[in-house]
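Input sequences plus hints: build the corresponding full structure.
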Amino acid sequence: MADTHKPAVHPSPDVPNPDTDSYAQESELEAHLQAKPMYINMGPSHPATHGTVRLKLHLEGETISDADCEIGFLHRGFQKSCENVTWTQCLPYTDRLNYASPLMNNFGFLTAVEKLIGLEIPERAQYVRVIGSELHRIHDHLTCVAATSMELGGFAPFLFGMEARELINDRVAELTGARLTTSFGRVGGLNRDLPEGWIGKTLKSLDKIRELALECESLLSRNRIFVDRMKGTGVISADDALDWGWTGPCLRACGVDYDLRKARPYWVYDQLDFDVPIGEHGDNYDRYLMRIEEMKQSDRILRQALAKIPDGPIIVNDWRIALPPKPEVYGTIEGVISHFKLVMEGIQVPPGEVYDATESANGELGWYIVSDGGGRPYKVHVRAPGFPILSAMPAIVKGGLLADLIPTFDTINMIGGEVEQ
Amino acid sequence: MSTFALDRVTAQFPEAVAERYFDRTGGAWAVIHAEHLPKVAAFLKSELDFKLFISIDGVDRLHLAENDPRFEVVYFLRSLTRGEHVRLKVRVNETQEIPSLTSLFKGANWWERFVWDFYGIRFSGHPDLRRVLLYEEFQGHPLRKDYALRDRQPLIPERPIKDIFRGPGTSGVS
Numbered sequence: 134m135a136d137t138h139k140p141a142v143h144p145s146p147d148v149p150n151p152d153t154d155s156y157a158q159e160s161e162l163e164a165h166l167q168a169k170p171m172y173i174n175m176g177p178s179h180p181a182t183h184g185t186v187r188l189k190l191h192l193e194g195e196t197i198s199d200a201d202c203e204i205g206f207l208h209r210g211f212q213k214s215c216e217n218v219t220w221t222q223c224l225p226y227t228d229r230l231n232y233a234s235p236l237m238n239n240f241g242f243l244t245a246v247e248k249l250i251g252l253e254i255p256e257r258a259q260y261v262r263v264i265g266s267e268l269h270r271i272h273d274h275l276t277c278v279a280a281t282s283m284e285l286g287g288f289a290p291f292l293f294g295m296e297a298r299e300l301i302n303d304r305v306a307e308l309t310g311a312r313l314t315t316s317f318g319r320v321g322g323l324n325r326d327l328p329e330g331w332i333g334k335t336l337k338s339l340d341k342i343r344e345l346a347l348e349c350e351s352l353l354s355r356n357r358i359f360v361d362r363m364k365g366t367g368v369i370s371a372d373d374a375l376d377w378g379w380t381g382p383c384l385r386a387c388g389v390d391y392d393l394r395k396a397r398p399y400w401v402y403d404q405l406d407f408d409v410p411i412g413e414h415g416d417n418y419d420r421y422l423m424r425i426e427e428m429k430q431s432d433r434i435l436r437q438a439l440a441k442i443p444d445g446p447i448i449v450n451d452w453r454i455a456l457p458p459k460p461e462v463y464g465t466i467e468g469v470i471s472h473f474k475l476v477m478e479g480i481q482v483p484p485g486e487v488y489d490a491t492e493s494a495n496g497e498l499g500w501y502i503v504s505d506g507g508g509r510p511y512k513v514h515v516r517a518p519g520f521p522i523l524s525a526m527p528a529i530v531k532g533g534l535l536a537d538l539i540p541t542f543d544t545i546n547m548i549g550g551e552v553e554q
Numbered sequence: 004m005s006t007f008a009l010d011r012v013t014a015q016f017p018e019a020v021a022e023r024y025f026d027r028t029g030g031a032w033a034v035i036h037a038e039h040l041p042k043v044a045a046f047l048k049s050e051l052d053f054k055l056f057i058s059i060d061g062v063d064r065l066h067l068a069e070n071d072p073r074f075e076v077v078y079f080l081r082s083l084t085r086g087e088h089v090r091l092k093v094r095v096n097e098t099q100e101i102p103s104l105t106s107l108f109k110g111a112n113w114w115e116r117f118v119w120d121f122y123g124i125r126f127s128g129h130p131d132l133r134r135v136l137l138y139e140e141f142q143g144h145p146l147r148k149d150y151a152l153r154d155r156q157p158l159i160p161e162r163p164i165k166d167i168f169r170g171p172g173t174s175g176v177s
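Chain order of the listed sequences is A and B. The numbering of the first sequence is my numbering, which starts it at 134 and goes up by one. The numbering of the second sequence is my numbering, which starts it at 4 and goes up by one.
Keep in mind that a hint or two might mislead.
[Stated by the list, open to error] According to the in silico footprint, chain B covers these stretches of chain A (three or more CB under 8 Å from chain B):
| # | region |
| --- | --- |
| 1 | 239-252 |
| 2 | 388-400 |
[Stated by the list, open to error] Covered, in the sense of this in silico footprint (three residues per stretch, anywhere, with C-beta under 8 Å from a C-beta of chain A), are these stretches of chain B:
| # | region |
| --- | --- |
| 3 | 25-34 |
| 4 | 49-57 |
| 5 | 79-89 |
| 6 | 105-112 |
| 7 | 134-145 |
What the hints contain is simulated information worked out from the structure, not anything from laboratory work. C-beta atoms are modelled at their ideal positions from N, C-alpha and C, and glycine is treated no differently.
Pasting the structure below:
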């Protein structure tokens, strides 16, 4: 039987090929670009779209004339899961919202719950929360900057970024026992105190991280190719950004001075000295520069906080909120009962509702929580900063070039976990 | 807690505000009648400078003591110049519709789709009211309290995994 896959006649240069003929006849300079409008699916799981995002693009030549964004159907049921476990058991779910800064999500959720209870946490715990958050802010920004550089063809900054990130991950692992899914905070404070010698080690790591971040910056900020691809692309005006609900470095890159750490200070941010960098043009390059500058400010905050951290308890001494110390659990009946009730029934948060927000790496991380007085949340709404930012994506890439989509998608730093919840 | 914005809204549109209260943490809330929502939001945005659109979400009050109407849709806006939050609520039943804010705030687009997706509350005048996190073939609205925790609607057959009997695991197929 003849093999149908093989052409019956072998192609030869003398015989015209009907498939490629029109192009073959034209010289290379005269070759035209395909100008017919066409649809392109970027993703799901395109290397430049982090997660299962699918962008349906309508192209005319290389210009994007229309775009539609499908988040992808990875929905984990974050809210539904939280509503069926105790308050403390929500923590592992919050870790997974943003895998580049889990501590911030932990602490943000806990701060909202504490506000609902009306609880003031010890000062040392507040300092540790600031330290953890700022470490993860650097971690998140490094991830974004390094990945941006790699997706535009620069591999060296990516390696430097990853090396610095590893240092942070090591310190976080020493602190919490896990590299990514930390579950470190507790309602009323923290899981455990800083390990011995951790402050000195972190200061040493910070020196190295600063050096590596500077290396990234010096390779990118004045790089002709990088600057040309970033400047003037993915532009959004300040009014539009507010309208879309942008927050964080992406909003500040448009020139809007809004940082919750300054606007409504929480924990001990009002006792620390730092600046909020502001951009001007709202383009990709400004968003990149914002992240570089914010890393420097985080470094400043960290050094102050590590120097000023006071001694004292790390969790409130209230057995209705925090687990009793182990000797009490093993030695007294009250300790056993409190431990048992907290684990089995959860913290009894009084009925009511609250909206509270913290400044996470990508912007305002808001929590609207409703309690019916039981050990489980009645409703947990997370206002993830990535969701409104991604919703504006189609609008800002419209009219631009297909190639500009990649840096735009990188600098808005979409995180699948929090957008898909 | 400053209640400047809510005072102005009450003075301007007394017919729109159904109720005002403070929650336990000091947050000021206003319950707005659904049909008056667009003009209140427009007033907040243009006159009082509440330009930052924070978010929308729903609450199913099925198991709460006060549960009529069944759903609450909450709106959060923020003014950067005044440094103040505005929290609005609209209470609706399953059959009622809420006027969409998409023409006023672009950011409302996806959040309204989100509320439709998970609570089944319709927004009249929304240009593109599709599901946003779930697929089109999905039946029901999973954040409603009467949606079963273990209800699963796989698009492709799932591999049989033994039930682990705790948490929201699989539906116990063996």
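These are the hints, each one checked on the structure:
| no. | hint | result |
| --- | --- | --- |
| 1 | 239-252 | holds (count 3) |
| 2 | 388-400 | holds (count 5) |
| 3 | 25-34 | holds (count 4) |
| 4 | 49-57 | holds (count 4) |
| 5 | 79-89 | holds (count 4) |
| 6 | 105-112 | holds (count 4) |
| 7 | 134-145 | holds (count 5) |
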